[in-house]
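Each chain, written out:
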Amino acid sequence: MSDAALVSLVTALADDELVLGHRHSEWTGFAPHLEEDVAFSSIAQDEIGHAAAYYSLVANLTDDDPDRLALGREPAEYRNAIFCERPNREWAFTLVRHWLYDTADALRLEALEQSAHPELAALATKIRREERYHLIHADSWIKRVARGPVEGRTRLADATASAFPETIGLFEPFEDEEAAVKHGWLPVPSDELRRRFYDKVNPMLDELGLPTETHPHAAARAEFVASSSGDLISEGSGETSDAEGADDALGGRRGRHTPDLDALWTEMTTQYRSHPGARW
Amino acid sequence: MSTDLLGTEAAIWDALAGVPDPEIPAVSIVDMGMIRDVDLAGGRATVTVLPTFTGCPAIPIIKRDVATAVAAVSGIDDVVVETSFSPPWTSDRITEQGRARLEEFGLAPPTGTGPVLITEIGLPTVARCPFCGSTDTANENPFGPTPCRALYYCNACRNPFEQFKPV
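Order-wise, the sequence lines are chains D and C.
If you count the first sequence from 1, you need to add 579 to reach my numbering.
If you count the second sequence from 1, you need to add 193 to reach my numbering.
Read the hints as simulated data drawn from the structure, not as lab findings.
Just so you know, even glycine gets a beta-carbon here, dropped at the ideal spot from N, CA and C.
Errors might be hidden in some of the hints.
[Stated by the list, open to error] Every beta carbon over 12 Å from chain C, so not counted as near; a handful from chain D, in silico:
no., residue
1, T641
2, L650
3, R652
4, Q693
5, R726
6, G727
7, E771
8, N781
9, V804
10, S808
11, L811
12, I812
13, R835
14, M847
15, T849
16, R852
[To be verified] Restraint-style ranges between C-beta atoms, simulated for each label pair:
no., chain 1, residue 1, chain 2, residue 2, range
17, D, K761, C, D285, 30 to 40 Å
18, C, A204, D, R668, 49 to 59 Å
19, C, N332, D, E771, 31 to 41 Å
20, C, R257, D, A805, 55 to 65 Å
21, C, S279, D, K761, 20 to 30 Å
22, C, T239, D, D718, 34 to 44 Å
23, C, D270, D, P697, 27 to 37 Å
Make a model of the complete structure from these sequences and hints.
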């Protein structure tokens with residue numbers, strides 16, 4: 580089918596938003612303070628709403644049902660980046676993932692505004708305006724914690740060391756990407772988006788004293804401690820092994836996921852599976 | 194266009210002006226700027242709705258209410274309600290009357306009357322307290338109980354209030 584590349588592109592966008600939206604929703608009732616409970620619930624609702632709009636676009640192309648696409652597929656059929664399916668772990672990890680994801684998503688949406696597919700271009704234009712709120716929320720939190728007391732900074736540095744290398748999964752080419760680029764549906768290839776992303780986040784991470792190591796295990800094994808000047812320095816073994824690499828973070832766009840997605844999927848699809856065809 | 198068609202189209206807009214935003218019943222969807230256009234072909238009316246926020250859960254209710262209201266217009270046999278994101282709904286689409294009604298409802302209208310630049314979205318704005326009219330207010334949270342609302346606090350009358358977000 581000639582639209583296969585478009586379906587593949589929009590499905591990846593939808594799955595990223597749905598899966599991360601679901602992770603954000605796990606803070607409802609559990610966030611460290613009330614305003615953030617409200618914020619993450621609202622951000623989750625936005626992301627899942629964006630996913631719904633993307634699934635509707637796919638459903639129109641393939642004569643399918645958006646609910647089935649969102650909740651009626653097997654885990655191996657999802658095309659989200661592994662980065663999005665990781666558990667929330669703790670507040671620092673949630674924040675840094677929120678910031679990295681929304682920074683990457685803003686670049687992706689900016690590119691998609693010029694998509695040769697008019698409906699996708701219009702949707703990206705609308706979503707990008709809404710996502711501005713997410714990005715500003717994430718930016719202000721990252722700066723606040725990175726410039727705050729040492730415990731928060733240390734946790735943020737640790738979280739960044741494990742989250743940042745996995746962002747590579749967001750820029751893994753999706754199936755038939757070459758065709759999508761050729762048709763102008765995706766005006767900027769994933770490789771170029773990745774370069775733009777690093778150009779954007781590296782200076783900010785440097786400025787905030789956060790790790791920019793893109794190799795997953797080098798920084799993750801190090802321990803961040805405060806020096807006498809108050810700057811965080813990484814101590815301990817930074818040794819790496821080539822056997823373990825950013826490969827762990829790749830595969831999502833081809834449907835190779837981690838057990839983290841299985842756990843999320845089981846919960847996310849419970850209602851859909853136990854009451855087929857249910858209507859609100 | 195014949196006078197009949199013009200009359201029918203005007204009657205459709207009147208009917209739409211009676212359809213409230215389900216989450217803000219004081220304001221009609223016309224005053225919210227959510228109706229992009231009405232198309233008439235014979236007895237068939239096609240109404241295109243622009244969702245305020247992509248994830249707004251009120252959209253199915255709005256579509257149903259639009260279909261019911263327009264079907265009641267004399268001369269209409271068939272109603273098609275479509276949603277579109279082109280152009281994106283922006284908060285400057287809210288009419289003057291819509292802004293006044295939002296304020297009466299207790300919801301501060303979005304700041305600015307022109308289209309909001311993408312680089313301005315999400316920055317703290319000055320919201321006028323819908324209860325006492327003071328602009329000595331503080332943004333407590335860019336998010337709120339629905340995707341379209343932000344939380345503010347009025348330092349003058351000490352009431353919390355909500356603002357319809359500029360977008």
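Going down the list of hints, with the structure as the test:
With a cut of 12 Å on Cβ distances, T641/D stays outside the contact zone with chain C, its closest approach being about 19 Å. Its beta-carbon lying about 16 Å from the closest one in chain C, L650/D satisfies the requirement of being farther than 12 Å from that chain. With a minimum CB-CB distance of about 21 Å to chain C, R652/D clears the 12 Å threshold, and the non-interface call stands. Non-interface status of Q693/D relative to chain C is upheld: no Cβ of that chain comes within 12 Å, the nearest being about 14 Å off.
Separation of R726/D from chain C is adequate, the least Cβ-Cβ distance of about 19 Å exceeding the 12 Å criterion. Under the 12 Å C-beta cut-off, the non-interface status given to G727/D relative to chain C holds; the minimum distance is some 19 Å. For E771/D, the shortest C-beta to C-beta distance to chain C comes to about 21 Å, beyond the 12 Å cut-off, and the non-interface label holds. Every CB of chain C is more than 12 Å from the CB of N781/D (nearest about 22 Å), matching its label as outside the interface.
Consistency note on V804/D: stated as away from chain C, and its beta-carbon is indeed over 12 Å from all of that chain's, at 34 Å minimum. No Cβ of chain C comes within 12 Å of the Cβ of S808/D; the nearest lies about 33 Å off, and the non-interface call holds. The claim that L811/D is not at the interface with chain C holds, since no C-beta of that chain comes within 12 Å of its own (minimum 29 Å). With a least beta-carbon separation of about 34 Å from chain C, I812/D lies farther than 12 Å from that chain, consistent with its non-interface assignment.
Even its closest Cβ contact with chain C, about 29 Å, leaves R835/D beyond 12 Å, as expected for a residue assigned away from the interface. With a closest Cβ-Cβ approach of about 16 Å to chain C, M847/D is found to remain outside the 12 Å limit, as its non-interface label requires. Every CB of chain C is more than 12 Å from the CB of T849/D (nearest about 20 Å), matching its label as outside the interface. Interface exclusion of R852/D from chain C stands, the closest Cβ pair being 22 Å apart, more than 12 Å.
Take K761/D and D285/C: their Cβ atoms lie about 37 Å apart, and the range 30 to 40 Å holds. For A204/C paired with R668/D, a C-beta distance near 58 Å keeps the hint of 49 to 59 Å intact. Restraint check, N332/C to E771/D: a C-beta distance of roughly 36 Å satisfies the suggested window 31 to 41 Å. Take R257/C and A805/D: their Cβ atoms lie about 58 Å apart, and the range 55 to 65 Å holds.
The hinted window of 20 to 30 Å between S279/C and K761/D holds, with their beta carbons roughly 24 Å apart. T239/C and D718/D have their C-beta atoms about 42 Å apart, which keeps the hinted 34 to 44 Å range intact. Distance hint check: the CB atoms of D270/C and P697/D are about 30 Å apart, consistent with the given range 27 to 37 Å.
The structure is consistent with each of the numbered hints, conforming to all of them.
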